[in-house]
Structures are given as C-alpha cells and as structure tokens.
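Enquirer: These are the residues of each chain, in order.
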Amino acid sequence: MGLQAFLATSLVLFALGLYAVIGRRHLIGILIGVELMLNAASLNFMAFGRFVVSDPTTAQIIVLFIIGLAAAEAAIALSIVLAIYRQRRSIDVTDLEQLKG
Amino acid sequence: MNPAEVHPTAFIFVGLTIGGALLSVLLRNILHAVFGLGIALAGIAGLFLYLDSAFLAAMQVLIYVGGISVAMVFAVMMAHTLGRRELLVGRRLLAAIPALGLTFTLALVVLSSRFVGSTGVRPDEATVLRSIGKQLLTEFNVAFEALSVVLLLAIIGAIVVAKERKH
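Sequences listed follow chains A and B, in order.
Count the first sequence with the working numbering and you get residues 262 to 362, in order.
Count the second sequence with the working numbering and you get residues 52 to 218, in order.
Only chain B is shown next, with the shape it has when bound in the complex (with noise of 0.2 Å):
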C-alpha cells in the first residue's frame, strides 16, 4: 500500500465525524446534540484507526464516546432546562464570520503549503505501543505525573463544587 494514502473507505468516517460534528452545533435540543458529538467522537475513533493505532482509538472510545458523552447526557438531565428556549443566539452570523474566516485562511495555508513525506520504515503498531509506555516513564514522565495530579485535582474538585450545600 502506497505509505503517503490511507484506504479511501476512510472517507465514510470523515462523513460520520463531519454529520456529527454539524448535527452537535446546529441541533437546538441539547440532548440530541451530545449524541451527535457522540457520533462525531466515534468517527474520529474510526480514522485512528486508519491512522494505525487501533490503541488510541480504543482509548478515543472509552474515555470519548462512553465517559464524557455519557457525562455530558447526565449533566444535561440533571440541569433540565431541555429546549427551555432558543438555545442559538440571534446573532449567529457574528459566530460564524470568525468561524469562516478561520476556515478560508487556514485552507489556504493547507493547500499552498508541501509536506515532505517521511521516507524511512515504519515501525509497526505493537513497536509503537511498546515506545510510548517507555517514554511515558522516561522521557515525557514530568507531564505524565503532571497530568495525573491534574486528573486527581479535577476528580477532587468537581466534587467540591458540585456538592450540595447544606444551609
């Protein structure tokens, strides 16, 4: 297989991120659109896949698809203000001006720049997984630890602030 093209199958996972990712943005009920986040997760999930690392996708899918999704869906039962109102503001064209603007500029950098492929062999998957549990405890284990004290202080403190005050 050609190293500088994935299988063009991929394209039907770029539908389902994109159908997502649009069905997320422009649906007024805040419940259907956390489901089409979900959808659009479990596409980008898809193209790691493609991109040779069924580990990442793996991951994608249980901490993406079925932790915050699901998160998300208790968050939006909990705090029922379903379709209380129009959830987009009247001025959506000031949001989508930035929005277009960033679009046209960066296509232009994507289209106008070259990017030289890498050359050399490509180490397989199970030879990446084995390096990066390496360098998570080598090279990259200040941010490791970083993250996992960030991770605890986050569990910890989502709970003070949610928590019931009692009066």
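Chain A on its own, in the form it takes in the complex (with noise of 0.2 Å):
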C-alpha cells in the first residue's frame, strides 16, 4: 500500500465532510463533516511524510497543530450549539436564519 492509496483514502474522506457540512442541517452534523475534512488534512501530511520527504518531523508538527487547533474549534463549536439550543430550542440550521433579507 503506497502514497497513492492513502492520498485516495484522504480524497474520499474529504468528499464525506464536505457533503456532510452542505447536506446536513443538524449544526452537530456539519461539526462532524468539518472534523472529517480535518483528518483528511493531517493523513495527508502524514502520508508525504513518510513516503516523499526524508525527514518526517515537520509533518508530523503540522498534523500535531491540527489536532490542537480542532479541539479548540470543537470546544467553541460544540459550547455554540448549546447556546443556540437554550436560546431558540432547535439546533436545525434552517431555523437560524433571523438575518436572512
């Protein structure tokens, strides 16, 4: 199993995210889609990583930032659903639309 089959695995899971963040409508649903794409992001690294540089370390930095910054976007993300929930009972994207003209 070479480069090629890990960047088409990534491939793939980038695709499930984004028609996950398009097509859902639930807000914990597009929250998963994002970390999806996320991980496709830091196989991605992993993978040229190991196969086409000959020194891994600053990929594997980078894929150690991603992890970092998506748990701070899950904590922020995830403390915004409830306070949509409190405030509006439904965390149904199609109902957050006040500012829509």
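These aren't lab readings, by the way, just hints derived from the structure by calculation.
Please note that the accuracy of each hint is not assured.
[To be verified] Here are some, though not all, of the chain B residues that point toward chain A, as calculated from beta-carbon distances under 7 Å: (1) Ala61; (2) Ile63; (3) Phe99; (4) Ile183; (5) Phe191; (6) Asn192; (7) Ala213.
Heads up, the beta-carbon is just placed ideally off N, CA and C, and yes, glycines get one too.
Put the two chains together into one complex, using the hints given.
Expert: This is the structure we're talking about:
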C-alpha cells in the first residue's frame, strides 16, 4: 500500500466531510463533517511525510497543530451549539435565518 | 521492507476509516453518526501507526476519540433533539455534486502526478520524536505559543458562551 492509496483514502474522507457540511441540517452533523475534513488533511501530511520527504518531523508537527486547533474548534462549536439550543430550542440550521433579508 | 510501501494489512484500517466516515455522514440519528465518527477517527489512528508514528496515533486516540467524540456525545445529549425530524436536506443532490466533482478532479490530479520518493536513510521513530520536541521549542516556537494562547481563549470562550444566563 503506497502513497497514492493513502491520498485516495484522504480524498474520500474529504469528500464525505464536504458532503456532510453542505447536506446536513443538524449543527453537530456539520461539525462532524468539519472534523472529517481536518482528518483528511492530517492523513495527507502524514502520508507525504512518510513517503516523499526524508525527515518526517515537520509533517508530524503540523499534524499536532491540526489536532490542537481541532480541539479548540470543537470546544467552541459545541458551546455555540448549546447556546443556540438554549435560546431557540432547535439546532437545525434552517431555523437560524433571522439575519436573512 | 520496501520503503515505498506499507504492509497491505493497512487496508483493514482504510476500510474502518471510510466505513466509519460513511456511517457518520449517512446515518439519520445524530448520536449514531457521532459513533461512526469515532470509528473513523480510530481507523485514522491505525493508519498513523502504519505511517511510522505511534506518538501521533496515541495523540489521535487521546484527543479525538477520547476527547472530541465524547464531547460531541455530551452536546447531543444536552441539546436533546435526537431524531426530531429528518436530518438531511431534501436537496442532497446539491451537496453530492460538489463532493463528487471534487473527488473526480483531485483523483485525476493524484493519478496523473508522479511523486519522487525519498531516497535518504529514514530516521527511526525515537529520533523523530526527539526532534519534534526540539523543533517545537525552537523553529516552531511562535506557532506553538500562539496555539497555547488559542486553546486557553477557546476554553474561556466556551465557558462564557455556554454559561446559563440568569435573568
């Protein structure tokens, strides 16, 4: 199993994440899509670090940064989900349109 | 072992990852979708093992599977809107078109590219781990410190946003 198999895997993951971000109407479903896309990116970094460059240190550091930022993003997004649910009793994105002209 | 290949048993984890991702995208019940995400994230941790990094596999399991997925389960249960109505929009086609388009375009790019593999001697895992620690505190120190500030602000912000307001 070589580089291209890993790239194909992360491509499928990214496309599934994009599909969830556009197609879901549940806020947590959208967050799941974002996590899938972030993981596709880190899998790509790891694959290139393993197969293309001779020193994988930089790739692994970038993946660590991605994981850290994903944790921060998930914390913020989930607290926003809770705040929206408290205020509107719904976390359906089609209900959040009071700014629509 | 051929350095341009990893052991074919890695396909088990590819199947786990893509299967979990399919579950997390297609299932109606959002709690089941979160479990699917957990499976996919664990599969990615397995792939990290095949890519010579037990350290990042452990980080993936600790932070993603043990942290983010569990936090999502809590959020789903606190905002109990499970299965209240259909979760996917009727215009699923609208989401499938960009996703499939992106897949085909990037698949063409990947298939038509020739990647030059590394020829040098690969450092072993312990050496890489040591240089990760060193570089985080030298070359990448600014990004590292900025990330710690971001995490701190995210925690405080999450508490402030999610706090119950007393009227």
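Enquirer: Decide, hint by hint, whether the structure agrees.
Expert: Verification of the hints:
no., hint, in the structure
1, Ala61, "holds (5 Å)"
2, Ile63, "violated (10 Å)"
3, Phe99, "holds (6 Å)"
4, Ile183, "holds (6 Å)"
5, Phe191, "holds (6 Å)"
6, Asn192, "violated (11 Å)"
7, Ala213, "holds (4 Å)"
When held up to the earlier numbered hints, the structure conflicts with 2, 6 and fits the remainder.
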